[in-house]
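**Student:** Each protein sequence line maps, in turn, to chains A and B.
Numbering of the first sequence is given in UniProt numbering, commencing with residue 1 and proceeding in unit increments.
Numbering of the second sequence is given in UniProt numbering, commencing with residue 1 and proceeding in unit increments.
The hints are simulated quantities; they were obtained by calculation from the structure and are not laboratory data.
All the pointers check out, no bait thrown in.
Pairs of lysine-lysine residues, derived as DSS-like cross-links and limited to a Cα-Cα distance of at most 27 Å, are as follows:
1. A/Lys35 <-> A/Lys9
2. B/Lys321 <-> B/Lys392
3. B/Lys134 <-> A/Lys98
4. B/Lys488 <-> B/Lys452
5. A/Lys98 <-> B/Lys195
6. B/Lys419 <-> B/Lys396
7. A/Lys5 <-> B/Lys134
8. A/Lys151 <-> A/Lys84
9. B/Lys384 <-> B/Lys279
10. B/Lys73 <-> B/Lys241
11. A/Lys9 <-> B/Lys134
12. B/Lys384 <-> B/Lys283
13. B/Lys310 <-> B/Lys384
14. B/Lys279 <-> B/Lys350
15. B/Lys439 <-> B/Lys278
16. B/Lys488 <-> B/Lys467
17. A/Lys132 <-> A/Lys111
18. B/Lys350 <-> B/Lys299
19. B/Lys282 <-> A/Lys129
20. B/Lys206 <-> A/Lys64
21. B/Lys195 <-> A/Lys64
22. B/Lys206 <-> A/Lys98
23. A/Lys5 <-> A/Lys35
24. A/Lys35 <-> A/Lys73
Computed beta-carbon distance windows for the label pairs:
25. A/Pro58 <-> B/Gln267: 35 to 43 Å
26. B/Gln111 <-> A/Lys151: 55 to 63 Å
27. A/Asp28 <-> B/Lys73: 56 to 64 Å
28. B/Leu266 <-> A/Lys141: 38 to 46 Å
29. B/Glu204 <-> A/Ile52: 40 to 48 Å
30. B/Phe508 <-> A/Pro58: 50 to 58 Å
31. A/Pro58 <-> B/Glu210: 26 to 34 Å
32. A/Ser96 <-> B/Met456: 53 to 61 Å
33. A/Glu47 <-> B/Thr265: 46 to 54 Å
Predicted model only: the values in this text are computed from it and were never measured.
Glycine included, C-beta positions come from ideal geometry on N, C-alpha and C.
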Amino acid sequence: MAAQKRSIKELTMLNNDPIDGVEIDHDDKDMLTWKITITGLEETPYEGGTFILHVTFPNDYPFKAPVLSFKTKIYHPNISNDDKGSMCLGLLRPDSWKPSTRMTTVLAFVKQILTTPEPDEAIEVNIAKEFKDNNKEFTKKAKEWTKKYAKR
Amino acid sequence: MDSDDEMSGLSSQDDFRGDLDSDGGSLGSAFDDEDEPDVGFSQDKEIVKHKKRSYEVEYSIYGPADIQAQQDKQVEEVSQILGQPVAASAILLRHLRWNKERLIESYMERQEAVLDIAGLGSGSVQSPRTHVMKNFTCTICYDDEPGTTTYALKCGHRYCVDCYRQYLATKIQDEGEAARIQCPTQDCHQVVDSKSMDLLVTAELKARYEILLTRTYVDDIEKLKWCPAPNCEYAVQCEIKPRELSRIVPTVECACHHRFCFGCTLQDHQPTPCMLVKKWLKKCEDDSETANWISANTKECPKCQSGIEKNGGCNHMTCRKCKHEFCWICMGLWSEHGQSWYNCNRFEEKSGVNGRDAQAKSRAALDRYLHYYNRYATHELSAKLDKDLYVKTERKMINLQAASGLSWIEVQFLDTASKALQQCRQSLKWTYAFAYYLKRNNMTEMFEDNQKDLQMAVEALSEMFEKPVTELKPLKVEILDKTAYCNKRREILLEDAADKLKKGEQLFREN
Ligand SMILES: [Zn+2]
Ligand SMILES: [Zn+2]
Ligand SMILES: [Zn+2]
Ligand SMILES: [Zn+2]
Ligand SMILES: [Zn+2]
Ligand SMILES: [Zn+2]
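Bound conformation, chain A alone (with noise of 0.2 Å):
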């Protein structure tokens, strides 16, 4: 109840104030759950790559963070290769996680973290020590999975 409330409040704000490059979707019967698109920005690997990111609102919400889970393969230290597709870094770790946290504040941390991975905050260690120590390769490898998987 808590949660669908804060979840609309956030809504209209972000419909008021919308942030570049990020669309959300939302099905008017499950409000703890939005689809986010967001565009690769320029000047990254991501570049010309168009990203699907779930956004899942725990019933304990704002008390317990939301869980972002990526639907579009990406080639990225902080975000998990697997089905999942989670980010868990930095304020939306549980243990940093503060309820008057904006969601306008998250997905400007998604946006931040896309263009400047942590590799120090890693999911993905192997990703994450190519990034710091061949970067070359690791921007080709993550520009062929934005042509391979993120292509409308």
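Following the hints, complete the assembly by docking chain B with the ligands onto the known chain A.
**Tutor:** Coordinates of chain B with the ligands only, in the frame set by chain A:
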């Protein structure tokens, strides 16, 4: 109190005492008069273990009430020195992980910064209160009904009390956090103090919060560690530093009787130092497939090949079919085990292994490892089987008590023997991991002699346990003698190993 008369009266007493004590002693007592009577850190109701042998360390055991009292006392002290309220002093101490000296020093240097970093902010101190607001929208739940009861910490970030409560409950209950719970506002590091907790959370949650605080207190202090036994509430204090662990194996015994290593909190692993234990366990894990067959408790009789199941701890086996007597560990003749030249424990390095033949080399390395692993695993298994057997025996004894004419007190010797057996097998098991890493030299041979003596003593005692219950009564004196002998052999081995480790005389193989 400070009058001249009394002072002179006191000083004459002091002079008298000065003859007995050193000058330092009387100075110390004069100092004590100014302070409150010291109900200090180490003088609580703890059990002090005094140092006895070279493999034993000094330590104290604290119960939950003692730990709480220690915390309170330190908070009180700091509160008086810094002139900060108790709740704030507790937060400061927790923030600096209970390093009192460092806290006082940095507080004196830069008070504002320290308060800020610890999440206390600056500004006036007031006791926390909730406020009823006329026009207020809570930015967590977006409720805006008039007359909402709200709360804010010193930072002024205000939310409705319902949200505040649920936030704190989530942190305490679901995430097990206590000492470092911050204001619900993004990027605000103000820490929720215990007075605010009192105001906002239920008594049940507050109790949980206190338990968590005590847990972090022990976790934060290097010389304190929780007993790792399940559901045990005691903590052990020991002064051994991590850097000393290559020279000392600090085994402690909790009030619950669990024996563990203070260095790594694993079960007692004397005489092997922690790093070798870690290395050994890693190796066993990596090679678990190769070594799996060893832990099986059926083998074939080396003479008639009929299957033999091990159902007691004793490694002296007699084949049911052909009556052949052999050793479970090395499968050699048991009759030879009493001979001084027989080596069941020592690994004989095969000479003539061609140094350039990589395959032969790796085969030899594997043989060597399996030799030690076999013995390590066998004593582990035997300890378990000894225990199972004892439990069975104890049950039988209770049933047979009347028939055998033994009283409850009289069967206690079996309990004593069983405990000794467990402890000796535990040490014996680890001697094999230890020996695996030892360099071949005189020291090592001495160690292996001790190991062999302990092993023979243990097997002899273990064998008695397999006797039928009705035959145990006349064996009482013999079992007691053997128990004492086993304990003695264990002490000799551990003492010798600990001495050499401390002096750095024991040499280890590279890799
Ligand atoms: Zn609220
Ligand atoms: Zn705040
Ligand atoms: Zn215990
Ligand atoms: Zn240890
Ligand atoms: Zn046989
Ligand atoms: Zn043998």
